[in-house]
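Asker: Residue numbers (my numbering), protein chains in the order written: chain E, 9 to 426; chain X, 9 to 426.
Just so you know, these hints were derived from the structure itself, not from any lab.
Each computed SDA-like pair below joins lysine to any residue, with the alpha-carbon atoms no more than 20 Å apart:
hint: 1; chain 1: X; residue 1: Lys-177; chain 2: X; residue 2: Ala-213
hint: 2; chain 1: E; residue 1: Lys-156; chain 2: X; residue 2: Pro-127
hint: 3; chain 1: X; residue 1: Lys-283; chain 2: E; residue 2: Glu-151
hint: 4; chain 1: E; residue 1: Lys-283; chain 2: X; residue 2: Phe-153
hint: 5; chain 1: E; residue 1: Lys-47; chain 2: X; residue 2: Glu-67
hint: 6; chain 1: X; residue 1: Lys-97; chain 2: X; residue 2: Glu-67
hint: 7; chain 1: X; residue 1: Lys-47; chain 2: E; residue 2: Gly-76
hint: 8; chain 1: E; residue 1: Lys-130; chain 2: X; residue 2: Ser-129
hint: 9; chain 1: E; residue 1: Lys-47; chain 2: X; residue 2: Ala-287
hint: 10; chain 1: E; residue 1: Lys-58; chain 2: X; residue 2: Asp-61
hint: 11; chain 1: X; residue 1: Lys-13; chain 2: X; residue 2: Lys-339
hint: 12; chain 1: E; residue 1: Lys-210; chain 2: E; residue 2: Val-160
hint: 13; chain 1: X; residue 1: Lys-283; chain 2: E; residue 2: Asp-144
hint: 14; chain 1: X; residue 1: Lys-130; chain 2: E; residue 2: Cys-125
hint: 15; chain 1: X; residue 1: Lys-130; chain 2: E; residue 2: Phe-153
Number of protein chains: 2
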Amino acid sequence: MKAYKDMTKEELCAEKEALLKRFEDYKAMGLKLDMSRGKPSKEQLDISMKLLDYTDYIEDGIDLRNYGILDGIPSCKKLFADLLGVEPKNILMGPNASLSLMFDYIAQCYSHGVLGCTPWSKLPEVKFLCPVPGYDRHFTILEYFNIKMINVDMKDDGPDMDAIEELVKDESVKGMFCVPKYSNPQGITFSDEVVKRIAALKPAAEDFRVIWDNAYIIHEIYDEGDELLNIFDVLPEYGNEDMVIEVCSTSKMTFPGAGISALAASEANIADILKRLNAQTISYDKMNQHRHAEFFGDLEGMKAHMKKHAALMKPKFEMVLNHLQNELGGKGVASWIEPRGGYFISLDVMPGCAKRVGELCKEAGVTLTSVGATYPYGKDPKDSNIRIAPSLPPVNELDIASQILCVSVKLACLEKLI
Amino acid sequence: MKAYKDMTKEELCAEKEALLKRFEDYKAMGLKLDMSRGKPSKEQLDISMKLLDYTDYIEDGIDLRNYGILDGIPSCKKLFADLLGVEPKNILMGPNASLSLMFDYIAQCYSHGVLGCTPWSKLPEVKFLCPVPGYDRHFTILEYFNIKMINVDMKDDGPDMDAIEELVKDESVKGMFCVPKYSNPQGITFSDEVVKRIAALKPAAEDFRVIWDNAYIIHEIYDEGDELLNIFDVLPEYGNEDMVIEVCSTSKMTFPGAGISALAASEANIADILKRLNAQTISYDKMNQHRHAEFFGDLEGMKAHMKKHAALMKPKFEMVLNHLQNELGGKGVASWIEPRGGYFISLDVMPGCAKRVGELCKEAGVTLTSVGATYPYGKDPKDSNIRIAPSLPPVNELDIASQILCVSVKLACLEKLI
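Chain E on its own, in the form it takes in the complex (with noise of 0.2 Å):
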């Protein structure tokens, strides 16, 4: 294995002509393959069907199928308090994805404030600190508001906190999104130094908020996955209980758009958000809130659920995985993660040729998640990021999927150098 750099030019042209030809044997083949989205497989579909099953709707005496009962009914609140390590007096059960409950409380945030502080509408500028390589969808609720955002680089622990702790001195900074446990896209999670380092925290900004996206809290892909020091442990020691709006959902757990979604945060931030789901809702859905703690039970059912989540997973993880090594291992091309859970696999190509390994791709039938969206404005300044997510191909799909991958990443790398 000789590293792209330690060649001399006839053997780069060489390795080049050799790939090429590969590629247009890929090419030749017609492929339709999507790594684009974090999407479920049709059988980790398929293993959440019992859900469906349930049919008496009567908890505690009362008629889940009726009007009320705004923060969630009892069985849900204590499945997620156990499962985020809080109280059910700091849960609040949301709707049907998570996604909304972050937009909702940014809206909120936006039209009437954080705790009786100034809407942020009525502030010059609103600026929110955002990891990164992130989620695309984070940063499009922040575009949607008109809210700066500036990245703040990952490391292999979590964010730079040296960088964080310096720009939340700036009173306009209003808060951070974080992917804190197998981030998205990279499958990194935080330290509990780095955890413990956003804990203590002191914003300028009274109203500073870390939305917590606990998206992928129990997404474990082996037995043994990383354990994330649980945030609202941390927070009263420094008296930042207030700080931060943990969010999580079903979306990956039974079915993406029909699962349900909680909410975790302190008193005082659960009754600021109730004043406005007041106005919003009667309830959300507690048909689908029943049905969901039938289904787990309690949060050793919903680990158990997850294993079988993990089984699905593993070999597509570790399809793609290989793949990386095998052809990219030393080539000095190419870097990534190996992520013990989540849903991606985030691999870094040598700057300026993301976007053309993205254009390759799809030359030969292979669609990636858009090359910069892992980005605020969707601009990856080095055009280095990509994101893999191979839950929903078939391991034979994901197989070719990868070869096309690499070969593009080659080539694309070989085109700069050359």
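Take the given structure of chain E and dock chain X to it, following the hints.
Answerer: Quick look at chain X alone, frame taken from chain E:
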């Protein structure tokens, strides 16, 4: 039957004496009856349980259990297009309640403005017209966004259009909430003339919006229901296609809080809403959409289902109306309308007596909708209107509750008269 105004003081005192005796008898029964909210009864919920039987979630080859389809599944868009008399391209499927559709739309006007107009949050004052009595949750939305509410009286055939045509000359008047069929709480269906005059409005504000909350669109009680002119058929005559946002839901067809909702609007408005929706969610619950489409089949199926509701509602409405007629008819202390559908009976008692009626009912164990709730800011200027919600209690309870209500009305009026 002698009107109170024609009675001598002695006759009034004797009447009061007799009523107080009845009142004490009711109190001694220690009842706990609820006529406060428009909740369907258990029997009404039971008739939709087949909705939960569907297990096949593939539609047009697409797995509805997975992510995607922001605007709603085609079968549901078709069904609601037929119901609302528009094209599927004018339909957006919503979340579990149309209340959220309305809240989110107002929120969007507030933060981002209507079709390029100045966001309402940036204006010194925004006003909305509120036909009164009306639906308290409309008022709650407006109050949340600090939109000033202006009362417009309801007449027999809809809101006072002379007043509205005058009020919309004020550019700060940005919209109006309407329940055009079987209005909440009066059960009035807007006449063709009223619908046409609304469609023909020439508001000073370019971004004036009528929120057409068609909550009881096919919620008839009798075989012959009221006919509401389809406002979308009339709007083009006046070039006002963009002025109306219509919503409806299955909350009172299948399950409150676990149904589906729909919004109908011009293509320009739909596109404007989708811009927000694209940041707010990936899709609403398509599995629930599919269940509903399968359960109803088509508009005829939906109407057939609603006849089952009517059969359960009719005896309850008649029970209340009979008591009102027998006990209050000819007394000159109260008036009411006999609705042909919807969820409520609106009772207007002698001015200055409604709150007292609420107190007396409570004392005797009957909970009414908070008196005043049918007016903005909870303030009925005449203290006259009482909303009766007959759907939830069993007929035998409704029998007693109606008697208690009638006795309380008469007592409250006698207290005033003597």
